Each structure stands twice: as C-alpha cells, then as structure tokens.
Amino acid sequence: MEKRVTFKGWLLPLLLVAPQLAVTAVFFFYPAGQAVWQSLFIPDPFGLRSQFVGLGNFEFLLGDSYYRASFVTTAVFSSLVTLVSMGAALCLAVLADRLIKGASTYRTLLIWPYAVAPAVAGVLWLFMFNTRVGVISWYLGLLGYDWNHVLNEGEAMGLVVVASAWGRVSYNFLFFLAGLQSIPRSVIEAAAIDGARFWTRFRTIVFPLLSPTTFFLLVVNIVYAFFETFGVIHTITSGGPQQATTILVYKVFADGFVGQDLGSSAAQSVILLIVVGTLTIIQFKYIERKVHY
Amino acid sequence: MSGMVEKRGVGLWLTHAGLILGVLVIFFPIWLAFVASTVTQPEIVRPPMPLLPGDQFFENYREALVSGVNTPVARMLANSAVMALGIAFGKIAISLLSAFAIVYFRFPGRQLFFWLIFLTLMLPVEVRIVPTYEVVARFGMLNSYPGLIFPLIASATATFLFRQFFMTVPDELAEAARVDGARPMRFFWDILLPMSRTNIAALFVILFIYGWNQYLWPLLITTDPSMNTIVMGIKQMFPSGDDVADWPVIMATSLLAMLPPVLVVILMQKLFIRGLVDTEK
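Sequence order for the protein chains is A and B. No gaps in the numbering here: position 205 of the first sequence is 205 in our numbering, and each next residue is one more. No gaps in the numbering here: position 155 of the second sequence is 155 in our numbering, and each next residue is one more.
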C-alpha cells in the first residue's frame, strides 16, 4: 500500500523521522543489543572484567532447575489468568448480549477496572486476603479454613491469578460483547425457529462465529500475563513462597537487580525476547489472514 | 420481531441477576478499599473490619495527601501526572511526524526506517530492563522525569496507527495542497492534523492509562522518594519487617492512584473503546 501523491524533498522527511529514530536508537536498539551482547559474557565477582562464555549462560539456564521451574510457573500462571479472565468475561458478555436494553449500562459498569494498574489491583487483593487483617481470610477462618498465602504455594498462586485476572475481565468483556453483537441476529433466530435451545445455539453457532475474537484474546491475554503482571507479583508475593510465583519477568528482575547476575539476567531477557517475538508473529499472521476473509 | 431469542419474565430477571452478581464481584475489592480508607487503624487491625464506611474520610485522605508515609501522596500524584502526560504527548508527537514522513515522502532509508520501527513492536520494556537502566544511569537521568518518560516512548504502536490512518486520507487533499503551492508542513498542520483529531484523542486516552499505570520502570529508576510515582509508591508505604501497615492511608492512596485513569475511561468511554480497538488490531 503506497500513496500515489507525495511531496518532494528528502531533507524534511529525514528531519521528521529524526526524533523517533534518536529515541528508538538510544533507548531501544542500544539496550536490546546490549542484552544480547551481555548474554554471552560472565562478569567477574568484582564487576571489573567479563569473560566471554558464548552460549554458556543459555546452557546454564536451560540446565538450571530454578529456571525451568520458573518456565513451568509462568505457563501455569498465564494459562490460569487467561482462562479465568476470558471465562468470566465470556459469561458476562453472553448475558449482556441477551438484553435488548441495558447492555451499555452494564458495559460502563464493567469496563473501568481495565484502568486499575496491576500493582494497585495487587494491593487491593492483598488487603482482602492479608493473613492478619484480611476480611476474606478472616471469614474463611470462621469456616475453619486457615488461609495463608505467605506459606502455602497453591494459595499464593491462586491469589496472584485472581488479582491479575480481575482487571482483565473488563478488556475481554468489551471484545467478547462486540464480537457477539456483530453476529447477525437472523442466524440465531433461524436456529431458534428450528428449535435449537440456548446451549445448542451457543455451542454450534455462536461460539464458532466468535472464534476470531477468542483467538485474538488468547494471544493478547498470554502476552499480558507474561509481561504486564509484574506489579501483581511484586506487591503480593515477591515471587514466593519458595519461588512458587516467580514468573519469568520477575526472575529477570530478581536475578538482574536484586541478585546482580547480569549475564544470566541478559540471557533470560534474550529468551523472553524470542517468546514475545513468536507471540507477535502469531498475532500478525492471524491478523493478515483475517484481512483476507 | 426480535422476541425469539431475547428472554422475558423469569429468564430476563435471571440475566440481570447474573450481570449484577458479576458487577458486585468486580466492585467488591474497591468497596472494601473505600471502607478501609474511611475508618481508623484500630478498626482494621482487629478483624473483621467493618463493611460500611466510617467517619475518617477527610482525616485519612488529608494525611495521605499531605504527609503520606515516605513522601506526600500529592507529590507522587504530580510525578505520575508528569510521567503519564509526558509519555502520551511525547509518543503522539514523534509518531505523528514520522508517520507523516513515511506516508507522504519518498526518501533514502525509508524502508529501513520502517523495518527498524517495526521491530520495536516486539519488545516491551520489561524484557530489556537491565541494559536500559544502564543507559539511563549513564545519561544521569535516574530520578528524573526524562528518565521516566523517554524509555517508554521508544515504541512504534502509535506510528503504525497514524500510518494506517494517513493511508485512508484521500489523495485529492494532498494533490490540491500541492497545486496550491502549499508547503508540506502547511498541509500537515492545516489539513492532516485537524483530520486526525479523533485518532489522536483515542490514542491519548490509551497512552495516558499506559503511562500512569507503569510500575517496574519507576520502581527501578526512582530511588529518591520525592520522585516516586503513585502506582509504585504504594508498595513503598508498607513497612519492612513485622510492623503493621498503615492500612487506612495505604487504601486512601490506592484509591487516589486509580482515580485519574478510571475517570478517563468512564468519561471518555467512546474514545477509550476506539483507542483499544485501534491499538490492538
């Protein structure tokens, strides 16, 4: 796609792209290049010199049981966040879509948590489940359940998943509702006339027609769970207990800034880079395909 | 006519009941935070805390805004505002200019530039934190607004968005401008920019929320409490060790932290939805 009508000159356009080029070069390409470069070295303990180790950092990481555990943690965490937030959003969107009047009121009531920062969501959920003052943990105690996400790995994971999924329901709801409303009413009514009950209509007509939205949301939510939930983890569990909630992005931070292990942290960055790259390509391929339909 | 699939009677009530339940579950954490921000500390540390607001609203919010824990929350709010506005305006400005250049000129290196920008779509700041931190430190930009803003405007989503939009602007407009002898920048200011108003506003809403809600980056580079942003500053208000947190003030701060972006979403709902769809698709 190109414009047929263009202006003449080359100095002006170069000046126009210069600000973006400068910011991108200094704050993007240089650091990204550094990450790749550093991933090939191990600094000595005094930080004076580094030793070239080739792919040594990567070999070490892939053999490191903590790193592999963090991969598994991330997979479990992002699957659960995606499942919980998309499941809840789909239920709400299906309900709202059944209304002739009032769907937009519910939309207004449901979309604003999108604007709540993950870190703030983390503090809110931490407060409810706090082992000392939390309301929900207190009532759970009344019921005879001793909630303690500080010690219990499963409960810690459950809490960070719910806190991360909470604000995300809004986003998924918005896209699911738009997807549902774009399905022609006549198709659904035809099925209803043929005697298909709600569940049958949903399974055989609505859900398949919704699959482009669902696929798009799957990718976007996985990216969200991978990279944007740092605030939730940091405020609620700091990766604990026993690294049970140390997702990959948290580990880059913990090893690079807290542990000062720059080579390993850089290698982890490069691995993450490959993961995001792959997800982005999947997303673009999908959009391209959709454009052709 | 449309009565075939919409529910009436009991079904309609069940639909509303389900939605209201969903809304209540979504609201509950906020309600609890609000209640906590209106009661005294002793009411919270002896659980269960009350579920209805107390009478300490003004006291708690005044204490948060004026003194806070490490830094007055008013100061953190100002820092967040500078950061969010800086990111939104900065990114929009540089992206408008470069999208204009890409679409309306043929210049050497244009393809290369396009692909360089395209690559930035693939790497969130979380992935390159350590080297980016080193760059910012070397420039002496730790604990500064430029340090908070620049690394976060180095991405191309906005450039692509404006490129897409400029492609849909009819060629006749540029043609007419050229025939009239208007210089490129005149065309940009007088025709292209006014036409892009809605896109700019929609993008502004999304970028403002994005900038306001940053956590990891401010956490790394603002070691001076007076430069903390409000979203990352909340965690800093928790005491280390076994002391009990000052929950009423922390919860008041949490509500203040979410207020600006939530207001933006509610008041500019149309622009917000448009911005979301534009930036993600």
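Just to be clear, a hint being listed does not mean it is correct.
Unchecked claim - No farther apart than 30 Å at their CA atoms in a straight line, the calculated lysine-lysine pairs in the DSS-like style are these: (1) A:Lys285 <-> A:Lys3; (2) B:Lys270 <-> A:Lys285; (3) B:Lys270 <-> A:Lys8.
Please keep in mind that the hints were generated in silico from the structure rather than gathered at the bench. From a predicted model like this one, the values you see are computed outputs, not experimental measurements.
Enumerated hints in conflict with the structure, sorted upward: 3
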